[in-house]
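Heads up: the sequence lines are chains A and B, in that order. Its first residue numbered 1, the first sequence is counted upward by one per residue in the working numbering. Its first residue numbered 152, the second sequence is counted upward by one per residue in the working numbering.
Hints in this document: simulated from the structure, not taken from any laboratory. Watch out, some of these pointers could steer you wrong.
Across the chosen pairs, the derived CB separations fall in these ranges [unchecked claim]: (1) Glu210/B / Phe12/A: 18 to 26 Å; (2) Ile118/A / Asp723/B: 55 to 63 Å; (3) Thr117/A / Thr784/B: 23 to 31 Å; (4) Asn634/B / Glu17/A: 46 to 54 Å; (5) Pro221/B / Glu149/A: 52 to 60 Å; (6) Met1/A / Asn837/B: 34 to 42 Å; (7) Thr117/A / Met571/B: 48 to 56 Å; (8) Pro853/B / Val148/A: 20 to 28 Å; (9) Asp181/B / Phe12/A: 16 to 24 Å; (10) Asp181/B / Arg67/A: 27 to 35 Å; (11) Asp679/B / Thr117/A: 46 to 54 Å; (12) Val148/A / Glu909/B: 45 to 53 Å; (13) Gln77/A / Arg783/B: 49 to 57 Å; (14) Gln77/A / Lys594/B: 49 to 57 Å.
In silico DSSO-like cross-links for lysine-lysine, where the CA-CA straight-line distance does not exceed 27 Å [what the hints assert, rightly or not]: (15) Lys425/B / Lys28/A; (16) Lys32/A / Lys170/B; (17) Lys421/B / Lys28/A; (18) Lys170/B / Lys28/A; (19) Lys729/B / Lys156/B; (20) Lys32/A / Lys434/B.
Partial list, computed: chain B residues near chain A (C-beta under 10 Å) [stated by the list, open to error]: (21) Ile158; (22) Gly169; (23) Tyr173; (24) Glu352; (25) Asn805; (26) Gln810; (27) Leu815; (28) Gln817; (29) Val851.
We treat Cβ as the ideally placed atom computed from N, Cα and C, and that holds for glycine.
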Amino acid sequence: MEVTLIINGDHFGFSAEPDEVLLDTLRKLGFKSVKRGCDTTSCGMCHIIVDGQLVPSCSYLTVRANRKKIVTVEGVQEKVRAIAEFMTAEGVEQCGYCSPGHMMSLIALFEENPKPTIDEVKHYLAGNMCRCSGFEGQHRAIAAYLEVEQS
Amino acid sequence: MSVNKSIPKVDGMGLVLGKPAYTDDFAPRDALIVKVLRSPHAHAEITSIDTSKALMIPEIKCVLTHLNVPDVIFSRAGQGYPEPSPYDAKILDKTVRYMGDAVAVVAGTSEHMVDLAMSQIKVKYEVKDAIIDFETALDHETLIHANENTFSMFPIGHDAKRNLAASYEMMIGDVPKTLESCDVVHRATYYTQAQSHAMAEPHNVTAYYDVQDRLTIMSSTQTPFHVRRIIARNLGVDLSKVRVIKPRIGGGFGGKQAIHGEFYVALVTKITGKPAKMIYTRKEVFESTYTRHAMRIDLTVGAMKDGTIKALDMEVLSNTGAYGEHALTVLMVTGAKNLPLYNHVESVGFKGNVVYTNTTPAGAFRGYGAIQGNFALESIIDELAAKLEMDPVEIRTMNMIKEGETSEIFEVMGEGKEGMAMMIESCKLDQCIENVMKSIQWKEKYPMRVMPDGKIRGVGMALAMQGSGIPGIDMASAIIKLNDDGFFSLVVGATDIGTGSDTILAQMAAETLNVPVDQIIVYSSDTDLTPFDTGAYASSTTYVSGHSVRIAAENMVEVILDKARRFFGTEDVSYDGKTVRAGSQEMTLKAFSTVLYYSEQQEQLVSSGSFVGEKAPPPYMAGACEVEIDPRTGRIEVLEYHASVDCGTVVNPNLARIQVEGALLQGIGMTLYEEAIYRNNGRLYNNSFLTYKVPTRMDVGPMHINFVDSFEPSGPFGAKSVGEIGIDTPPAAIANAVYNATGMRIRKLPIRSEDLWEMMNKKQTLI
Ligand code: FES
Ligand code: FES
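Let's have the full structure, built from the sequences with the hints guiding it.
Dropping the structure here:
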């Protein structure tokens with residue numbers, strides 16, 4: 001099927017398989033920030049934003065995204081960098097494989113709720129798995145980011 | 152000063168920004184898709200396999216079965232060579248030994264067609280009896296490795312005719328005699344489960360022939376040099392024709408310390424000449440890679456009325472699953488990295504068998520036996536305290552190892568063979584205990600309190616030790632080169648698997664060279680370019696690789712001074728990181744290096760360093776937690792976890808802290824939630840993130856980590872390891888806390904709420 005995707009502001013036209021998912025499409029097109037961690041939509045490592053909505057790209061059909069606006073970490077480098085400064089200051093990106101999906105969730109959260117409490121952050125990010133860090137460092141980093149942002 | 156500073160990871164920002172960094176990010180676009188057809192039976196013989204229909208599909212370029220791959224036998228374990236693991240695995244075998252074992256490999260240009268081809272392969276199996284319960288495996292009438300000639304490189308107690316992958320036994324002193332002289336003897340049996348690594352990035356590998364026609368394998372491996380050795384030898388290719396590159400890895404925890412997909416992909420490329428790649432599905436990661444060795448541990452402690460521990464005797468039965476990778480070494484660590492904690496004993500014994508079963512192979516996993524043994528040992532210390540009506544902390548402090556002491560176990564038990572005698576030069580366990588007691592408010596909280604809502608809280612503690620590399624076996628090396636403009640390249644074989652080793656090694660080089668860390672450019676883990684390193688395992692990187700970097704950097708200072716002497720024609724030279732001085736002359740390092748490479752007395756300055764440990768100084772730790780139990784449901788919640796760690800000098804406090812926090816949560820996961828559960832037919836029940844419960848951010852309570860002031864004289868800059876120790880204490884600390892809260896002693900992991908409820912209501916013990 002012919003599909004046009006608007007990825008990070010650029011138009012990509014190509015033909016997609018009917019059962020192709022955005023995760024595979026995006027990686028094929030070179031957006032390597034999008035990672036696969038599971039086969040059951042349970043890890044959050046593939047998170048992207050489609051028309052303003054946070055979605056797991058591993059279970060979003062590419063054809064369904066026709067003409068939609070897609071945002072990956074590649075498209076929001078400066079926003080990500082601002083948060084990442086706090087992550088790297090804590091050293092919470094260990095293997096870093098979960099980080100891009102984690103960043104997309106945070107960016108989506110801050111769009112919806114610019115002043116979340118740490119509890120709200122935890123709830124929103126509950127689906128973002130991390131096997132390395134133990135999470136506490138992530139929460140310290142996010143709290144530090146929010147404090148600076150909100151002051 | 153660069154050491155003992157929380158410098159951000161050299162690759163951290165790039166990873167968060169999503170830069171291509173991991174194996175699959177670099178896979179050639181035209182790589183053949185490789186998939187593995189896996190066994191639906193736990194134990195069967197392939198009587199016929201027909202691939203003709205699959206091969207008729209034009210997109211399919213290669214199908215491999217046991218009939219057309221090299222018939223070689225080896226160990227997939229990425230360990231020092233000769234390996235202390237049995238040679239019992241083949242690339243593809245006529246016998247399949249667990250559900251998920253490899254049957255055939257299919258490679259093609261389209262994923263759909265590969266899937267179709269897999270469905271077209273007709274396999275006939277003669278199904279055999281399977282052994283799932285590891286307690287029945289030894290001398291079972293069914294033999295799991297009966298057909299082929301398994302062997303070991305040196306005696307490891309391997310006996311395939313008894314389903315025995317490895318076994319070991321030692322005794323120091325006379326345990327039965329000592330026990331007779333004890334006032335109390337306490338025996339108990341503990342069970343630990345198979346845990347899945349669940350690292351974020353599924354195993355994956357890409358292979359291609361480079362422009363010099365060399366087989367290049369890019370892999371998510373913890374041990375690139377071992378991969379090169381095992382692959383090249385068994386494919387009959389010269390080592391010089393194989394290059395293994397490890398890009399960034401999405402976590403390993405031991406699960407990538409073995410050959411997994413490398414043989415399949417390398418063979419496809421070798422046969423077709425085309426690039427190929429394989430990405431494990433999550434299901435495959437769960438079913439067909441590794442788990443932690445499940446164990447039954449029988450432990451006996453003998454003590455006097457005053458609490459003096461006189462004898463310890465540990466007997467282990469370990470389940471290695473279908474193949475015996477890491478069987479002997481994990482077994483030995485179970486004793487060797489626990490029993491020396493209480494070194495004042497008169498006698499100590501350890502023995503164990505590692506048996507084959509028809510389940511997912513067990514392999515290396517952070518803690519590597521130490522966590523299993525710790526659960527038993529640190530539980531029984533509390534049980535002994537209860538029996539003697541003593542304070543468990545007091546019993547520990549009375550009997551535990553101290554600075555300036557040793558344990559004969561260090562000399563008797565190594566990893567796979569004898570160990571090396573070692574004097575403990577740094578051990579701040581007393582301080583660790585004091586710290587956690589203070590921070591958790593032990594005195595106020597011990598042993599338990601009932602909350603107004605009827606919930607019960609209890610506190611528990613455990614001590615732990617680990618090692619720092621494998622002495623006398625594992626080597627690491629580093630090369631440093633001075634570049635024009637005065638910055639350095641640090642080239643190391645060490646394998647950063649997310650641990651931050653590239654960063655801490657750069658810190659060590661920067662410290663010795665007296666330059667800022669950003670003047671050190673690190674390149675690691677590429678068998679063509681980087682010097683040898685055994686890899687990321689056994690908590691070796693900081694200590695072993697760290698030393699090699701320190702030596703290389705010290706040598707670089709010498710090389711610079713030597714060049715300065717010749718350049719300026721004087722013996723009176725010095726270097727301070729910025730400037731090279733010679734008599735009354737001076738030149739910045741920037742200018743000096745530029746002149747050296749472009750205009751005068753031209754010469755490249757390079758240094759190297761390599762290191763093998765003579766000892767493996769243990770890091771130590773005390774862990775304490777408070778749990779809350781709802782007596783109505785048995786629900787157990789870890790309210791807070793406190794840890795105080797002695798890892799010598801902390802090279803990078805931030806990275807060390809996250810290591811400990813992450814390890815603690817994996818340990819808490821193992822204690823409360825995680826278990827690879829096999830049905831009677833050998834099917835892994837929980838093979839996805841939906842069914843296998845790794846702790847999420849909703850499960851974690853506050854963790855308070857502190858590092859005691861400590862300096863290990865034998866360590867680089869005083870450092871010991873920190874990667875594994877954090878995982879060891881949660882099982883026993885939580886079990887002890889549950890006991891203190893409820894009076895129920897749980898000796899089986901995971902500690903399940905329903906079991907606790909049952910025990911509380913029926914007042915029965917579990918085992
Ligand atoms: S890959 Fe795991 S949720 Fe999408
Ligand atoms: S940093 Fe490795 S999974 Fe999060």
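Tell me the numbers of any earlier hints that the structure contravenes, in ascending order. none
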